[in-house]
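Protein sequence lines correspond, in order, to chains A and B.
The first sequence: position 64 = 64 (the UniProt record's numbering), numbered continuously.
The second sequence: position 254 = 254 (the UniProt record's numbering), numbered continuously.
Worth flagging that the hints you see were computed from the coordinates, not collected in a lab.
Mixed in with the good hints there might be a few duds.
Some chain A residues near chain B, calculated using beta-carbon distances under 10 Å [stated by the list, open to error]:
1. 14
2. 27
3. 42
4. 61
5. 63
6. 64
Cβ atoms here follow ideal geometry from the backbone N, Cα and C, with glycine treated the same way.
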Amino acid sequence: MCGAKEGGLSLDGVNVAKEAVIQGQVLRGEEPVSNAYVRLLDRSGEFTAEVPTSASGHFRFFAGDGEWTLRTLAPKAEPVDTRVVAATGSVAEVQVLVSA
Amino acid sequence: MSRENSLVTAQWVEDNLDTDGIVLIEVDEDTTAYDKGHIRGAIKLDWTTDLQDQVRRDFVDRAQFEALLSERGVSNDDTVVLYGGNNNWFAAYAYWYFKLYGHQDVKLLDGGRKKWELDSRELTDELPSRAATTYTAQEQDSSIRAFRDETVAAIGVKNLVDVRSPDEYAGRLLAPAHLPQEQAQRAGHVPTSINVPWSKAANDDGTFKSDEELREIYGAAGLDDSKETIALCRIGERSSHTWFVLKELLGHQSVKNYDGSWTEYGSLVGVPVALGDEPGEA
Chain A
1 MCGAKEGGLS
11 LDGVNVAKEA
21 VIQGQVLRGE
31 EPVSNAYVRL
41 LDRSGEFTAE
51 VPTSASGHFR
61 FFAGDGEWTL
71 RTLAPKAEPV
81 DTRVVAATGS
91 VAEVQVLVSA
Chain B
1 MSRENSLVTA
11 QWVEDNLDTD
21 GIVLIEVDED
31 TTAYDKGHIR
41 GAIKLDWTTD
51 LQDQVRRDFV
61 DRAQFEALLS
71 ERGVSNDDTV
81 VLYGGNNNWF
91 AAYAYWYFKL
101 YGHQDVKLLD
111 GGRKKWELDS
121 RELTDELPSR
131 AATTYTAQEQ
141 DSSIRAFRDE
151 TVAAIGVKNL
161 VDVRSPDEYA
171 GRLLAPAHLP
181 QEQAQRAGHV
191 PTSINVPWSK
201 AANDDGTFKS
211 DEELREIYGA
221 AGLDDSKETI
231 ALCRIGERSS
241 HTWFVLKELL
251 GHQSVKNYDG
261 SWTEYGSLVG
271 VPVALGDEPG
281 EA
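Bound-form chain B, shown alone (with noise of 0.2 Å):
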């Protein structure tokens, strides 16, 4: 993959508003932001209900998100065009998704919600209306998604790279700043990951840095690309970001996202945790 597979710009998404074969889907933090305006003929995705079991933690299953995306009217050529507030945090996460589950085309708007809204473009609360579909998903891409047992054997082995912000790294925090703080699980991070808060691959608007900077602040961080990566944050929505950015921006091989991430780590019983600011040892 590479920027242009993958990212547009807001002035291109105004460009191609009418244009056929293109689906703007927003995914936000705030399932209530798109009912407040959105984008022309944007359609909405709720990641708490759209994307999740109801019971189980755990994604939709295949003919779940078969039947999503059909009666959503997305069909399996169109271009998927994603964007969310939140610097594209759950935008990025849906990517991150629909690869998951096959789906060829799918692009980011670079910036998000925000760089949209702080061009002052237009948002509208018109519901556009798209014709139901017949979506066939894939069987999910294991090569693109680690679950627990995977991260613990990772610890020393492969690239952990925690992008949560460095207070809740080090255990000062237990969630970002703009949630509550208390919270059931452990504080601290997976010993010998790496700090690089996803914000660090973004702009204040929300842009993505340029390739350069991204492989200087990797490289600087001690990500070794010759190995495979594994990306977690707080519940898997700001490592999407970051696997966004070394997998589709940056072309690394093997990057993998946990999706467990915090919630579930710092609730295992019995695995190492390490505090502060250094990764510490395996």
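Bound-form chain A, shown alone (with noise of 0.2 Å):
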């Protein structure tokens, strides 16, 4: 999902070209998922940061160069680790699919 734009969060009010944006949507099938969180984990499996999902169920961190893992979880569903790279002045858009 790296680089794709379509349906993403919209980036206005974000210096793009100084942050290592990762961002991106939770969904059950294809319905957004309002309340989940969304967990950043380091290199090493660590917490950095988590943010609730918003209503249309996106989320957005600002990370720093190198390997991430989001961690998500969501109500009555098991936690999904997916596995993201980011980089300065780029936005890595990731889709997290939770079990239904």
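Dock the two chains into a complex; use the hints.
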């Protein structure tokens, strides 16, 4: 999903040139999940940040260069781990599917 | 203090939603979270406006805190149960703040808003109404709040526990990764501070780990509980979470929260700063 822009979260007001953005959407089937929690874990698996998803299931992190793991928790679903690579000046778009 | 005195479960809260003398208060980093839905009967405190002086960088003073709680309908003998998002960061901050002003009976909802939501428990947008009270606060308890000079003097002497993420501690990030990274202060950490990220103390669902697990984590990290401890992070909210663990759950005698934290320390002229993953020398 890296590099995908279609349907992505608006980047208005974000200085993309200076940030290593990781963002995306949590879905159950085709439905956005608005009450999920996405955790950003560093390369050693250590917690770095967490955000609740928006009404449209979206989330965003300002990470650093390198490899990260997104751990997504949603009601009545098993946690989902998704690997992602972030780089300053780019936006890593991620779609997370949780179990139905 | 102990776990039984300072922590309640989501089920306990659900069972006590209509119990007199218990006031639920939501405090979130995202100050709009309450407005989108909250636990029935809960009132909101906005940490940016209700709990901070609006001119200087400091807390509201005793008289302002009294006026705030009186207006919101909180009494001195109420059991205050705090909860919030972000694994209770700001709820723990408010807990510490209530203790600072001498409120006797304060508790945290274990796991906070996240645990409540992941359990699929009910949220409402109905606003409660509480009759005004006459709340009396105490003078700030200086035994639980550290300032910058004390933090500088603690280098190589007291336990300094930096609870930010490893990348912030090492100087690779300047803020938690859900916030933009452009900041004015220098990156790094206070020399000799150990890095025990607040998140080590919490399970994925936001609840606190067991006392046994917590003792093991801080012991393995080299925290000497015979010494005084100062906890710090970026603005003092995550370190409130660790202050809660060390003081309230594990019962360490002398634990202070340095609310100036890295946004203050990293902007001071002339103080020592360590970079990288190691604590560094005094």
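Right, here's what the structure says about each hint:
no.	hint	result
1	14	holds, 7 Å
2	27	violated, 18 Å
3	42	holds, 6 Å
4	61	holds, 5 Å
5	63	holds, 5 Å
6	64	holds, 5 Å
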